[in-house]
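Asks: So you can see what is in the structure, the chains are spelled out below.
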Amino acid sequence: MNTSLKLDKKDINHKLKDKAIKNLNLSLVNNSSLKSYFEPLIQPFAPKWSTSLFRAKVTKVSRLTNNVISIRLKTSKQWTGFKPGQYIELTTEIEGAAVTRCFSISSSKDVWKSKRRIELTIREQDQGRVTPWLISGIKEKTYVQISKAQGEFTLGNAPANKLFIAAGTGITPIISMLSSKVVRSDIKNIDLIYFARSEHIFKDRLVSLANLRKKQNLPPINLHFIDTNEDGRISLNLLKNACSDFQDREAYLCGPGGMINETRDLLESQGVSQHQIHHEYFGPTQNHKMLETLSKANVEPREVAFHSKQSTTQVTSNSNATLLELAETAELNPSYGCRMGVCHQCKCTKKSGVVINSLTGRPSDTGEEEIQMCISIPAGNVQIEI
Amino acid sequence: MNNTQFNQTTDLISPEKSKSLEKDLTELRERTMSKVGQVDANYIRRMVRIDRWSGIVGRISMVLGFIHPLFWVLGVALLALSKILNNMEVGHNVMHGQYDFMNDPHINSRTFDWDNAGDSDSWRHYHNYEHHTYTNIIGKDRDFGYGLLRLSNDLPWRLKNTFQFGVYMLLSILFEWGVAYHELAGDRVFSKKKNSRKKRLSAEDLKRAFFSKAGRQIFKDYVFFPLIAGPMFLPVLLGNLLANIIRNLWTSTIIFCGHFTEDVHTFTQEQCENETKGQWYHRQMLGSSNIEGKRWFHILTGHLSCQIEHHLFPDVPAHRYVDMSKEVQEIAKKHGIPYNTGGFAKQYATVLKRVIKYSFPQKPDNTNGMTAAN
Ligand code: FES
Numbered sequence: 013m014n015t016s017l018k019l020d021k022k023d024i025n026h027k028l029k030d031k032a033i034k035n036l037n038l039s040l041v042n043n044s045s046l047k048s049y050f051e052p053l054i055q056p057f058a059p060k061w062s063t064s065l066f067r068a069k070v071t072k073v074s075r076l077t078n079n080v081i082s083i084r085l086k087t088s089k090q091w092t093g094f095k096p097g098q099y100i101e102l103t104t105e106i107e108g109a110a111v112t113r114c115f116s117i118s119s120s121k122d123v124w125k126s127k128r129r130i131e132l133t134i135r136e137q138d139q140g141r142v143t144p145w146l147i148s149g150i151k152e153k154t155y156v157q158i159s160k161a162q163g164e165f166t167l168g169n170a171p172a173n174k175l176f177i178a179a180g181t182g183i184t185p186i187i188s189m190l191s192s193k194v195v196r197s198d199i200k201n202i203d204l205i206y207f208a209r210s211e212h213i214f215k216d217r218l219v220s221l222a223n224l225r226k227k228q229n230l231p232p233i234n235l236h237f238i239d240t241n242e243d244g245r246i247s248l249n250l251l252k253n254a255c256s257d258f259q260d261r262e263a264y265l266c267g268p269g270g271m272i273n274e275t276r277d278l279l280e281s282q283g284v285s286q287h288q289i290h291h292e293y294f295g296p297t298q299n300h301k302m303l304e305t306l307s308k309a310n311v312e313p314r315e316v317a318f319h320s321k322q323s324t325t326q327v328t329s330n331s332n333a334t335l336l337e338l339a340e341t342a343e344l345n346p347s348y349g350c351r352m353g354v355c356h357q358c359k360c361t362k363k364s365g366v367v368i369n370s371l372t373g374r375p376s377d378t379g380e381e382e383i384q385m386c387i388s389i390p391a392g393n394v395q396i397e398i
Numbered sequence: 537m538n539n540t541q542f543n544q545t546t547d548l549i550s551p552e553k554s555k556s557l558e559k560d561l562t563e564l565r566e567r568t569m570s571k572v573g574q575v576d577a578n579y580i581r582r583m584v585r586i587d588r589w590s591g592i593v594g595r596i597s598m599v600l601g602f603i604h605p606l607f608w609v610l611g612v613a614l615l616a617l618s619k620i621l622n623n624m625e626v627g628h629n630v631m632h633g634q635y636d637f638m639n640d641p642h643i644n645s646r647t648f649d650w651d652n653a654g655d656s657d658s659w660r661h662y663h664n665y666e667h668h669t670y671t672n673i674i675g676k677d678r679d680f681g682y683g684l685l686r687l688s689n690d691l692p693w694r695l696k697n698t699f700q701f702g703v704y705m706l707l708s709i710l711f712e713w714g715v716a717y718h719e720l721a722g723d724r725v726f727s728k729k730k731n732s733r734k735k736r737l738s739a740e741d742l743k744r745a746f747f748s749k750a751g752r753q754i755f756k757d758y759v760f761f762p763l764i765a766g767p768m769f770l771p772v773l774l775g776n777l778l779a780n781i782i783r784n785l786w787t788s789t790i791i792f793c794g795h796f797t798e799d800v801h802t803f804t805q806e807q808c809e810n811e812t813k814g815q816w817y818h819r820q821m822l823g824s825s826n827i828e829g830k831r832w833f834h835i836l837t838g839h840l841s842c843q844i845e846h847h848l849f850p851d852v853p854a855h856r857y858v859d860m861s862k863e864v865q866e867i868a869k870k871h872g873i874p875y876n877t878g879g880f881a882k883q884y885a886t887v888l889k890r891v892i893k894y895s896f897p898q899k900p901d902n903t904n905g906m907t908a909a910n
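In order, the protein sequence lines correspond to chains E and U. One gets my numbering by counting positions in the first sequence from 1 and adding 12 to each. One gets my numbering by counting positions in the second sequence from 1 and adding 536 to each.
The set of hints was computed from the structure by calculation and includes no laboratory data. Just so you know, these numbers come straight off a predicted model, no measurement behind them. Ideal Cβ placement from N, Cα and C applies to all residues, glycine included. Careful: at least some of the hints might be erroneous.
[Claimed, not checked] Output of the computed footprint for chain U on chain E, the stretches with three or more beta carbons under 8 Å from beta carbons of chain U:
1) 109-115
2) 205-212
[As the list claims (entries may be wrong)] With a Cα cut of at most 27 Å, we get these calculated BS3-like pairs of lysine-lysine:
3) U/K756 <-> E/K27
4) E/K47 <-> U/K756
5) E/K363 <-> U/K571
6) U/K743 <-> E/K321
7) E/K31 <-> U/K756
8) U/K756 <-> E/K34
9) U/K743 <-> E/K31
10) U/K743 <-> E/K27
11) E/K31 <-> E/K69
Chain E extracted, bound-state conformation:
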């Protein structure tokens, strides 16, 4: 009791102090943080200097296949590191606008430890302008912002045998796991079933990893490269052939939604329990599916989640109601003014999803951005912060 009271007091003091500092800054420079006031003045001379997130220098951009690109980043001292399998949010500036996307780290943790270097592997998607567009903003020797590493798709501590199932660029978090020390010695059996359409990226790297383990007399990594064009998708037969004891393995699935659902159903139907299965959605985002539904935007039901500091409210839309109208039907009391796209009173942050601008009929980007609720019609599932 006592300690918690003390803690509360400390907490309150801390908050008061923060508030006082913020007020002082607001008073002196009309900015809640002195650092961000000075940032634009300092950055022209010291490009590394930044107040928000972490800056990372792009040291190399290379093309692995004609639509897969790998980016090497040198992280700053402040960056807190990652667990193999995690992803980061990368922010770069394109045409004056900050654009943010999530990418899995495909390099080994050991490399980061010794060289402060990470690698991201990115597939250019033809459907959306999204990824190629992002890549156009990433140039060697420039700086990008990265977030702390995030995500739960990491190896557990148990030395259980593993079964990795990847599809397409879904291999990226897995290759980071396989090449990091964590899996080097204490796990007996590792199988990787890797689906791809004709071209398996990182095939060479995987083969040499497997060879290295052999040389070091470690239990092997069994690689199964499946060409979906010839051998089709996952099936019980395929699974049994590749890894007969799959029921006893800890499974890590990474790939597009369809593949994950299919595989998970298959595993569960064979008695693999839910907590044995880890997964991460990956590959072509819903993006192009959303674009397809644009024309049907006012027919298909779409889920809109409004997040506020206190709670989250889910609304389903079957019409071409704007986000403002949806928020109102959910009695969220959104603020607004003109309701015609002029005053910007109805601004909110879209965390993800596509909305259509009702004035121009144009779809938005998929990532995080500021939007006006009164002229935004959700085109798919959308996450909103109000």
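Based on the hints, put chain U with the ligand in the right spot on chain E.
Replies: Chain U with the ligand in isolation, oriented as in the chain E frame:
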């Protein structure tokens, strides 16, 4: 007294005709917005840097006034420049959401705070919403005369209007305070009316915001910076006061030239019910006036010298207005809509004329420039 006979409000174009006006202007907006990008981001960042550097150098230079008074003069000039840029080209425009496309946490309409007595959040509400939506609608646009001045015959004449030139001068000198206070005072007046719209900011919120912002501004310019100047306390205090007054006079003058020149029109509430978007555009064009000038002049006015374009396209980055104005003029000509523009001296002279003219009651038969213009 029945003022309808004095009414000098203007008819808006018919809903049918308004369609093609809407199309022309919307296309211009689209064309301009498609170009918005890196240029605009670089531009506003440069303005932010100039604003901040001139503020910092200005404050230091003022203290150096003990070496030579010229340092003090330079300091005041730089600080005034900083405040003007901060309020007009940066603050006003950023708070309109013109640069929200950048997704920059600090150059953002929701978070920006300006070096001005008015609380940004309240200002955003009144200015962006009320003033820009109900431009020059008598009784709805509180910025029309700021509740202090009678600038058209829509308001009945009162004896106090006789002294309104003096009031106007005072308002100009204290402009930031006038605007900040007016929002607060106005709200009490307006809250008597039933308003179904949920208010984002309650009267309490507004009051709190007003006092905390006012306190911060006073603390900065009249306590903190003078105090750390030590023996230069008084010169710094006076310098800050002077810089604030220069900024006030400048912003007030420019804003009056944008809405209260002689030929600017006013509207009634009934007129604007069920208004089409084209009619809204039409009203914005009739309710605003431009000032011609060089590039540096436009920048110092925050491009409010292109008030017409600003009112048509409040969220297009303002430094593009000058280019847009050529096309807007053509569109105005095509649709037979007057386009009110002129040099600074000419426009300002008509503002003064208007302030004086409406200091006195008008006879019903006293036809004026405005009705004639219709
Ligand atoms: S309510 Fe005015 S822009 Fe949305």
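Asks: For U/K756 and E/K27, compute the direct alpha-carbon distance and say whether it is at most 27 Å.
Replies: Measuring from Cα to Cα gives roughly 23 Å; hence the hint holds.
Asks: Below or equal to 27 Å on CA atoms is what counts here, so check U/K743 against E/K27.
Replies: holds, 23 Å
Asks: Tell me if the straight-line CA distance from U/K743 to E/K321 falls inside 27 Å.
Replies: holds, 24 Å
Asks: Given the hinted pair E/K31 and E/K69, is their alpha-carbon gap at most 27 Å?
Replies: The hint is violated at about 34 Å.
Asks: Taking 8 Å as the Cβ threshold, is the statement that the region 205-212 of chain E is covered by chain U upheld or broken by the three-residue rule?
Replies: violated (count 0)
Asks: So if I understand the rule, the pair passes when the alpha-carbon distance is 27 Å or less; does U/K756 with E/K34 pass?
Replies: holds, 14 Å
Asks: Residue count check for the region 109-115 of chain E against chain U: does it reach three with CB-CB under 8 Å?
Replies: That given contact holds, which follows from 4 residues of the region 109-115 of chain E lying within Cβ reach (below 8 Å) of chain U.
Asks: Given the hint that U/K743 pairs with E/K31, does the C-alpha gap stay at or below 27 Å?
Replies: Distance ~19 Å between U/K743 and E/K31 Cα, so the pair holds.
Asks: Does the structure keep E/K31 and U/K756 at a Cα separation of 27 Å or less?
Replies: Judged against 27 Å, a Cα distance of about 17 Å means the pair holds.
Asks: Going straight from one Cα to the other, do E/K47 and U/K756 come out at no more than 27 Å?
Replies: holds, 18 Å
Asks: Going straight from one Cα to the other, do E/K363 and U/K571 come out at no more than 27 Å?
Replies: Measuring from Cα to Cα gives roughly 25 Å; hence the hint holds.
Violated hints for the displayed structure, listed by number in ascending order: 2 and 11.
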